[in-house]
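Visitor: Going down the list, the sequences are from chains A and B. Sequential numbering of the first sequence, starting at 1, is according to the working numbering. Sequential numbering of the second sequence, starting at 1, is according to the working numbering.
Calculated directly from the structure, the hints in this document are not laboratory data. Cβ coordinates follow ideal geometry from the N, Cα and C atoms, glycine included.
With a straight-line Cα cutoff of 30 angstroms, these simulated BS3-like cross-link-like pairs (lysine-lysine) come out:
#1 A:270 to B:161
#2 B:66 to A:69
#3 A:300 to A:145
#4 A:185 to B:161
On the chain A side, residues computed to face chain B include the following (Cβ under 7 angstroms):
#5 92
#6 93
#7 95
#8 96
#9 203
#10 258
#11 259
#12 421
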Amino acid sequence: MRKIFVCLLVFAVVLSSVALAASSIEVWQIHSPIPEIMNAFDWAAQEFEAETGIKVNMVRIPTEDLHTKLVVSISAGQYPDLLIWNIRPGLEFQGLGVVEEVSSVIDEVGRDNFPTATLTMFQAPLGKQWEIPLFARLAGYHYWKDWLLDAGLDPNPTVLDDGSMVVNAYNTWDDVLETSKKLTKDLSGDGTIDQYGAGFQYNRKGFGDSAAYAFSVITTFGGHLFDSQTGEVVINSPQTVAAYQFMKDIYKSGVMPPGVVAWDGYDNNKYFMDRTVGFIVNSNSVISNVRENDPELADKIGVTIAPAHPETGLRTYSGSPDTMTIFKTDNTDSAKEFAKFLLKANTQVEMFKIMGVGYYGPLLLNVMADPFFSEIGEQERMFVENNKYFVGPEYPGVPSPELITVALAVYNGFVYDDALTRISVDDWSPEDAVKEIEKRVLEMLEER
Amino acid sequence: MENHGGPRLTMMQKETRLGALLLMPAIIVMLIVIAYPFIYSIIISFLRWHAVYPDHPWVGFTNYIKVITDSRFPITLRNTAIYALVGTAGKMIIGMILALILNKQFWGRGVVRGLFILPWIIPMVSAATTWRWMFAEDGVVNFLLQRLNIISQPIIFLGDKQWALAAVLVVGIWKGYPLFMTMILAGLQNIPGELYEAAEVDGANGLQKFFYITIPSLRYVLITAIILSVIWTFNAFNVVWLMTKGGPSNSTHILNTLAYEYGFVGMRYDYAAALAVMTLAILAVFLYFFAKLQKVEE
Numbered sequence: 001m002r003k004i005f006v007c008l009l010v011f012a013v014v015l016s017s018v019a020l021a022a023s024s025i026e027v028w029q030i031h032s033p034i035p036e037i038m039n040a041f042d043w044a045a046q047e048f049e050a051e052t053g054i055k056v057n058m059v060r061i062p063t064e065d066l067h068t069k070l071v072v073s074i075s076a077g078q079y080p081d082l083l084i085w086n087i088r089p090g091l092e093f094q095g096l097g098v099v100e101e102v103s104s105v106i107d108e109v110g111r112d113n114f115p116t117a118t119l120t121m122f123q124a125p126l127g128k129q130w131e132i133p134l135f136a137r138l139a140g141y142h143y144w145k146d147w148l149l150d151a152g153l154d155p156n157p158t159v160l161d162d163g164s165m166v167v168n169a170y171n172t173w174d175d176v177l178e179t180s181k182k183l184t185k186d187l188s189g190d191g192t193i194d195q196y197g198a199g200f201q202y203n204r205k206g207f208g209d210s211a212a213y214a215f216s217v218i219t220t221f222g223g224h225l226f227d228s229q230t231g232e233v234v235i236n237s238p239q240t241v242a243a244y245q246f247m248k249d250i251y252k253s254g255v256m257p258p259g260v261v262a263w264d265g266y267d268n269n270k271y272f273m274d275r276t277v278g279f280i281v282n283s284n285s286v287i288s289n290v291r292e293n294d295p296e297l298a299d300k301i302g303v304t305i306a307p308a309h310p311e312t313g314l315r316t317y318s319g320s321p322d323t324m325t326i327f328k329t330d331n332t333d334s335a336k337e338f339a340k341f342l343l344k345a346n347t348q349v350e351m352f353k354i355m356g357v358g359y360y361g362p363l364l365l366n367v368m369a370d371p372f373f374s375e376i377g378e379q380e381r382m383f384v385e386n387n388k389y390f391v392g393p394e395y396p397g398v399p400s401p402e403l404i405t406v407a408l409a410v411y412n413g414f415v416y417d418d419a420l421t422r423i424s425v426d427d428w429s430p431e432d433a434v435k436e437i438e439k440r441v442l443e444m445l446e447e448r
Numbered sequence: 001m002e003n004h005g006g007p008r009l010t011m012m013q014k015e016t017r018l019g020a021l022l023l024m025p026a027i028i029v030m031l032i033v034i035a036y037p038f039i040y041s042i043i044i045s046f047l048r049w050h051a052v053y054p055d056h057p058w059v060g061f062t063n064y065i066k067v068i069t070d071s072r073f074p075i076t077l078r079n080t081a082i083y084a085l086v087g088t089a090g091k092m093i094i095g096m097i098l099a100l101i102l103n104k105q106f107w108g109r110g111v112v113r114g115l116f117i118l119p120w121i122i123p124m125v126s127a128a129t130t131w132r133w134m135f136a137e138d139g140v141v142n143f144l145l146q147r148l149n150i151i152s153q154p155i156i157f158l159g160d161k162q163w164a165l166a167a168v169l170v171v172g173i174w175k176g177y178p179l180f181m182t183m184i185l186a187g188l189q190n191i192p193g194e195l196y197e198a199a200e201v202d203g204a205n206g207l208q209k210f211f212y213i214t215i216p217s218l219r220y221v222l223i224t225a226i227i228l229s230v231i232w233t234f235n236a237f238n239v240v241w242l243m244t245k246g247g248p249s250n251s252t253h254i255l256n257t258l259a260y261e262y263g264f265v266g267m268r269y270d271y272a273a274a275l276a277v278m279t280l281a282i283l284a285v286f287l288y289f290f291a292k293l294q295k296v297e298e
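Please work from the sequences and hints to get the whole structure.
Guide: In structure tokens:
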């Protein structure tokens with residue numbers, strides 16, 4: 001009798017754990033500075049549970065910790081079912097066999113509904129899909145409209161021939177330098193500058209921001225890491241040297257606070273929000289933060305697109321949409337269902353109603369067509385505009401998936417950021433700084 | 001009489017067995033959380049182990065050679081030595097001064113003691129963030145130095161190679177002095193008052209009492225505190241990583257931050273393990289000589 005009881009108990013425990021496994025999934029995402037974003041995902045999770053009975057545990061992790069946690073969790077074999085992020089973890093870890101190939105999900109949702117480039121940037125080799133694009137991560141260059149007015153410059157965007165919108169004072173990187181010089185002032189007259197024209201991090205503590213700034217300038221100036229046909233390392237080029245020369249010039253010109261060499265990822269926001277600097281690049285968290293405390297001040301913030309190369313007119317902005325990476329776990333099918341739920345047009349529109357447009361923007365074509373998006377404000381419109389110029393670390397493309405991993409490692413491994421320290425703190429020539437980048441890239445390739 | 005299984009155990013043997021049995025859970029836990037990772041690290045240090053590649057072939061001492069020939073290694077070793085030695089000295093001097101103050105009777109001593117221990121209690125992340133703000137170009141440190149006419153232009157403490165390590169050291173000392181203070185204070189309260197009274201009768205002044213009574217009486221407390229501090233400083237990570245991430249230009253890297261960078265930024269667990277094993281070896285050599293020195297003194 002006792003044996004039968006024990007067997008039944010064991011059976012019940014096994015059954016309940018299987019049921020539990022099937023009825024809940026773990027989703028990781030960054031801890032957003034904007035609570036409405038997390039509210040929107042929580043809403044989606046609740047709706048999904050109500051519809052399917054599958055519980056979604058949303059785990060929020062600070063941005064600076066997420067990569068480390070992911071690396072460790074994958075090494076330990078304890079990873080989430082689904083990860084929502086924008087630094088291409090699917091591509092990075094697919095070689096380990098822990099990432100689920102998701103072409104079937106894309107096909108079910110409708111391949112035509114995604115802008116083609118947003119799909120191919122997560123394929124390696126072409127056709128094998130490792131991540132599903134979810135939302136455009138909108139970012140833009142922020143400036144103070146009243147400062148431009150005071151300097152006699154037009155703060156409003158104008159429409160270019162191709163229909164895109166740009167603020168003329170910041171149309172090219174040369175314009176950025178000239179405008180910043182005009183805005184840099186000793187307002188109190190005590191001999192020290194208290195208003196700076198611009199502020200970009202020049203060190204590795206500016207997690208993501210400094211690499212994004214450096215890589216945007218490099219690619220705008222025509223430099224890139226690998227030859228898209230041969231895969232050869234071509235970062236040490238006159239274009240990259242010219243890009244670092246520009247970044248050195250703008251640093252040396254005194255239009256940025258000297259402390260940019262020690263700024264962390266939050267400092268550019270802080271100095272912009274307290275009106276010490278006049279031009280930064282950031283996501284829409286700045287505007288929402290300012291709006292919360294001082295709505296009138298928030299209206300003085302202008303947003304423009306990535307500055308272009310002064311001669312070629314090329315514009316790039318280093319970034320990537322937020323994607324969903326599905327891991328091979330016992331709950332892969334449930335995770336796929338949740339991914340499909342998040343990609344539904346009505347789910348996305350409802351989520352945008354909760355979180356607003358700005359930090360995230362629509363990416364799916366049927367969502368973009370929704371009337372809700374025709375009513376967004378000028379600032380948000382410019383964020384969406386800047387979205388056109390997004391490029392990834394492997395821009396303009398690589399011939400093998402292996403090189404995408406290297407490009408990501410270079411981007412995330414402080415290589416571009418450290419070169420900013422070299423030209424500023426160490427006063428290296430741009431040639432030497434670029435040579436060091438090349439050396440580190442070659443070492444990374446050799447190590448693999 | 002029938003023997004039911006082997007020789008009879010004495011009381012002593014029974015107690016020994018029971019003791020061993022009671023210790024077993026702790027030993028098993030120690031083996032799992034200390035011995036296993038330690039041995040695993042040594043094994044990894046001889047393999048090629050990149051986080052995104054599934055194969056881990058045997059590479060002998062390649063990882064060790066790679067780490068030693070890394071241009072950052074000598075800087076890191078020098079920084080670790082400075083961080084450990086200057087840091088320990090700073091903690092000891094400040095801890096000693098404050099312990100001597102707290103050893104006197106005065107009104108509000110309990111509150112002052114609580115305040116002096118605060119750095120120990122404050123979480124490192126909060127402390128590092130606060131110190132980063134204090135060291136910023138518009139932070140309170142620059143403000144005070146400018147107000148006192150010591151400097152005319154703000155110093156970029158965490159962005160200047162000449163200042164960054166010093167700034168990190170200040171935070172490390174600030175965070176670590178309460179341990180020394182507490183240990184020294186406990187030691188001071190155990191020194192018999194008669195020794196000082198006798199010295200006073202013999203005409204000894206304050207300095208003489210300090211060097212001939214206080215310091216010798218505190219010798220074992222200080223040795224213990226120094227050993228602990230050096231071990232902990234060698235294992236320090238969070239102060240440096242949170243303040244500078246080893247920058248600018250690797251000028252503040254210590255062994256653990258470099259190991260972290262190898263492992264979790266570069267995803268090279270093999271290099272990180274090799275450096276961790278080397279750190280352990282360096283620490284073991286230090287402790288060996290320190291213990292020997294201590295024995296000679298005894």
